[in-house]
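Student: Modelling step: build the complete structure from the supplied sequences, incorporating the hints.
Chains A and B, in that order, give the protein sequences. In terms of our numbering, the first sequence opens at residue 1 and continues consecutively. In terms of our numbering, the second sequence opens at residue 1 and continues consecutively.
Hints in this document: simulated from the structure, not taken from any laboratory. Predicted model, so just to flag it, every value in this text is computed and none were measured. No residue lacks a Cβ here, since even glycine has one placed at the ideal position from N, Cα and C. A portion of the hints provided could be inaccurate.
Below are the DSS-like pairs computed for lysine-lysine, each with C-alpha atoms no more than 25 Å apart in a straight line [unchecked claim]:
#  : chain 1 : residue 1 : chain 2 : residue 2
1  : A       : 146       : A       : 115
2  : B       : 15        : A       : 47
3  : A       : 47        : B       : 122
4  : A       : 101       : A       : 146
5  : B       : 639       : A       : 50
6  : B       : 306       : B       : 651
7  : A       : 146       : B       : 633
8  : B       : 240       : A       : 47
9  : A       : 77        : B       : 651
10 : B       : 122       : B       : 15
11 : A       : 77        : A       : 47
12 : B       : 177       : B       : 240
13 : A       : 50        : B       : 122
14 : B       : 608       : B       : 455
15 : B       : 227       : B       : 240
16 : B       : 633       : A       : 50
17 : A       : 47        : B       : 651
18 : B       : 607       : A       : 47
19 : B       : 651       : A       : 146
20 : B       : 639       : B       : 607
21 : A       : 101       : B       : 639
Some, not all, of what chain B presents toward chain A, calculated at C-beta under 8 Å [as the list claims (entries may be wrong)]:
#  : residue
22 : 115
23 : 397
24 : 650
Each chain, written out:
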Amino acid sequence: MADNSRVKGNSAGRQFISFSLGDGIYGLDILMTESIERVSDITRVPKAPKYVPGIINVRGDIIPLVNLRIRLGIGEKQYSEESRIIITTFEGYRVGVTVDKVNDVFSAPDTDIQKREAVFNDGINEHVSEIVNLEGEHVLILDLTKVLDIGGLV
Amino acid sequence: MDSDKYIGLFVEEAKEHIQILNDNLLRLEAEANNENVEPLNEVFRAAHTLKGMAGTLGFGKITDIAHAMENILDEIRNQNMGINASIIDILLECTDAMEELILDVSRSGDEGPQEISELLLKLNKPMHSFDNSTGNGSDYGAVELDEYQSSVINTGISQGLIPYWIEVVLQPTCLLKAARAYVVFQALEEFGEIIKTLPQVQDIEEERFEDTFGMLLLSREEDSIIKQRLDLVSELHSVKIHRISHNLDLDANDKSVGPDDKAKEPVSGNQRILRDKIYTQTRSIRVDTEKLDNLMNLVSELITIKNSLMDVTGSDVESSTREYMEYLARITNGLHDTVTKVRMVPIEMVFSRFPRVIRDLSRNIKKEIALNIIGSETEIDRTIIDEIGDPLIHLLRNAVDHGIETPEERVEAGKDPVGRVDLMAYHDGNNVVIHVEDDGHGIDLENIANSAMEKGLISDIDLGSLEEREIIGLMFHPGFSTAGTISNISGRGVGMDVVKTKVESMGGTIDVTTQIGVGSRFTIRLPLTLSIIQALLVEVGNEIYAIPLNSIQEIVDISGSDIKRFEGHETIPYNDILLPLIRLESELDTELMNSRQDQIMTMIIVKKGDRRFALSIGNLIGQQEIVIKPLGKYLSNNKIISGATILGNGKVALILDINHLV
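Tutor: Spelled out as structure tokens, the structure:
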């Protein structure tokens, strides 16, 4: 209990998981994530959007995937040893998102969290809900509703 | 926030009570001349419980209606009022009003804006006197004891123990009533032995009681000490401790023990029966479907292991592995059976709504109908239960509305003026069969054929050559049923295509047999369970898909040169006719399969309704029992895939929905 000072932030803040996509560092609220999985056999689903590479078997459950590189327009890349799938749960949806690399879980006090609107104009970084200042580095926290395009799926 | 959970519980339980009200009001009407007080008691209890539950959550309208119902019921019970159809009508109207309010609660968390003053006025009109003090739920005036309990008390008294009747009223805000009651039991057991509780211990443990419960305690302690101890328990509204009179007369017929309190009114025999009966009905156990789904997950894992073991033994067969595999197969089969059974619920859950539906309908259209329900204990998968209600209501409505003649017509035809509608369910192998049968005037096939011709569904050339089955099939044609006027001519057909589609979506079939003047019988055949099915695994491109076996008619090999093109549409010859060909690889956007002109291709002949199609696949892998897993909410828009299954090697295969594919 004594070594609390090393964890940045305090009880009023929130916890995030940070990951890399290309050169950028992104994050998700930890309350929306369930687990981190290695990339295993992906079964393609016909007629699915291009950014949905397919479904996977996670301990007996079928989980659909969203390829974040394609979704965010970062450009496709083969999965590597470091690639991971973050299983997210959100309003009854359970979706895995593929990322290049999972970095860290960190806490941030409310004072280090900025709303997207305070930084970007409309149309820029629409998939982002908040920006967190993590020791000088800026982590873009993704807005799952927009990333998963819930409601807009064909 | 947390109250959402309680509102959910409230809605669920309230619906049960509404059902009890409906059932027993109908029984009350049917058995009006009987001495049987049980239906009345059931109604009373349900209304009372609803009042209590609604009151606790602050739903004023439901509380008011239930209270007014209780008043009427009280009058009936005290024989100040007789039972007739109009009273039952009013009580049913109350039930409907409450049901609607409960629906509002389930949707929005609160009662809707409906005006209930008119209904309340109606409720109060037939009353001669008004007793506001009825049913406050706290007066267990008398306690009935069985012989064993009486003897225990008498022995206790002879050993210097004092019998107390302790009545505890919980605060209305108390949420975990059972837990609180348990705390009270614990406290009292420090002082002696609890001989009896009211309601019974089981009911208390399962929270089947209002705010009030009573206990008979044998103790050496003074009542003031017990009172002191109970005062330490929180969330109690009041505690009353009565010392029970010593003169217990075991020889007398009346074994009831009254509290010492002389102010208590004597309880009439009728009421005592009521109070005893109030808590005796055993109800079904509710099982959390989420838990069941978890159980299903475990089973599917086991099946996965079984399948992978089968793969291993394909190449090197060691006897020990085979033994192990057989053992595993036995376990999975057993588990499958057990789990399937847990998921099964009696079809009564659906059937119990129908007497009310038929009663209202027959009163509306002035026909007399006797509905016979047979086999309501037949068990069926939970998923089917939720889906089958609407199609059945549709068939029953049709039977009453169009099948059964008016009483005059029936007498003229030499039939009983009361029309008979049979609703029957039974198991047949791996299927559940449901009959809806009426003894009305049957379906005029000629009329159907003529109407279908008018609608352009068939040509007049077809007319002569159609078989009876084919004519009946026309009834389920979408183009047929949407025509409004036809129902008057044919007597049937409104929305029959909807019924058929629904039944088929559950993997079932529907058939009709009919005879003019004698009646019609609709037969629905459904699979017992929807979650584990037999499927054919096929390879398309480099991917593996599962096709449910029940949609497959035949597997044929066709030479590539036999494929005929008509304006870009491919067909294959099949038993002297042409079937449309669907190439799965292009339908599913898989890698193209190399198909040389003269190559032999494997085709699956599938049925969709009355039409047949040929699907070209790459390779057959084989038949397998598969566990259906949902694709989840995210991909729920994908219609051609009905789910997925996990193969022996842990990979996922998609299950094709033939109905949406072709």
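Student: With reference to the structure, classify each hint as holding or not holding.
Tutor: Here's how the hints hold up against the structure:
Between the alpha carbons of residue 146 of chain A and residue 115 of chain A the distance comes to roughly 15 Å, so the proposed pair stays at or under 25 Å and holds. For the proposed pair residue 15 of chain B and residue 47 of chain A, the alpha carbon gap of about 41 Å is over 25 Å, so the pair is violated. Only pairs whose Cα atoms come within 25 Å are accepted, and residue 47 of chain A paired with residue 122 of chain B is rejected, the gap being roughly 59 Å. Restraint check for residue 101 of chain A and residue 146 of chain A: satisfied, since their Cα atoms lie roughly 21 Å apart, inside the 25 Å limit.
For the hint linking residue 639 of chain B to residue 50 of chain A, the alpha-carbon distance of about 17 Å falls within 25 Å, and the restraint holds. For a cut-off of 25 Å, the pair hint linking residue 306 of chain B to residue 651 of chain B stands: about 14 Å separates their Cα positions. For the suggested pair residue 146 of chain A and residue 633 of chain B, the alpha carbons sit about 16 Å apart, so the restraint of at most 25 Å is met. Distance restraint check for residue 240 of chain B and residue 47 of chain A: the Cα-Cα separation of roughly 70 Å exceeds the 25 Å cut-off, and the hinted pair is therefore not satisfied.
Between residue 77 of chain A and residue 651 of chain B, the direct Cα distance comes to roughly 23 Å. Compliance with the 25 Å bound is thereby established for this hinted pair. Between the alpha carbons of residue 122 of chain B and residue 15 of chain B the distance comes to roughly 24 Å, so the proposed pair stays at or under 25 Å and holds. Annotation: proposed proximity of residue 77 of chain A to residue 47 of chain A holds, straight-line Cα distance about 22 Å (limit 25 Å). A threshold of 25 Å between alpha carbons decides the hint, and for residue 177 of chain B with residue 240 of chain B the separation of about 18 Å falls inside it, so the pair holds.
Between residue 50 of chain A and residue 122 of chain B the CA atoms are separated by roughly 63 Å; this puts the pair beyond 25 Å, and the hint is violated. A distance of roughly 22 Å separates the Cα atoms of residue 608 of chain B and residue 455 of chain B; the hinted pair therefore holds under the 25 Å criterion. For a cut-off of 25 Å, the pair hint linking residue 227 of chain B to residue 240 of chain B stands: about 8 Å separates their Cα positions. At most 25 Å may separate the alpha-carbon atoms for a hinted pair to count; residue 633 of chain B and residue 50 of chain A meet this at roughly 18 Å.
Of the supplied pair hints, the one linking residue 47 of chain A and residue 651 of chain B holds, its CA atoms being roughly 20 Å apart against a limit of 25 Å. Distance check on the hinted pair: residue 607 of chain B and residue 47 of chain A sit about 23 Å apart at the alpha-carbon level, within 25 Å; holds. Between the alpha carbons of residue 651 of chain B and residue 146 of chain A the distance comes to roughly 30 Å, so the proposed pair goes past 25 Å and is violated. About 17 Å separates the Cα atoms of residue 639 of chain B and residue 607 of chain B, which keeps this hinted pair within 25 Å; it holds.
About 34 Å separates the Cα atoms of residue 101 of chain A and residue 639 of chain B, which puts this hinted pair outside 25 Å; it is violated. With a cut of 8 Å, the hint placing residue 115 of chain B at the interface with chain A is violated, because the nearest CB-to-CB distance is about 36 Å. Interface hint status for residue 397 of chain B: violated, as the beta-carbon distance to the closest one in chain A is roughly 35 Å, over 8 Å. Look at residue 650 of chain B: its Cβ gets to within about 6 Å of chain A, closer than 8 Å, so that hint holds up.
Checked against the numbered hints listed earlier, the structure breaks hints 2, 3, 8, 13, 19, 21, 22, 23; every other hint is satisfied.
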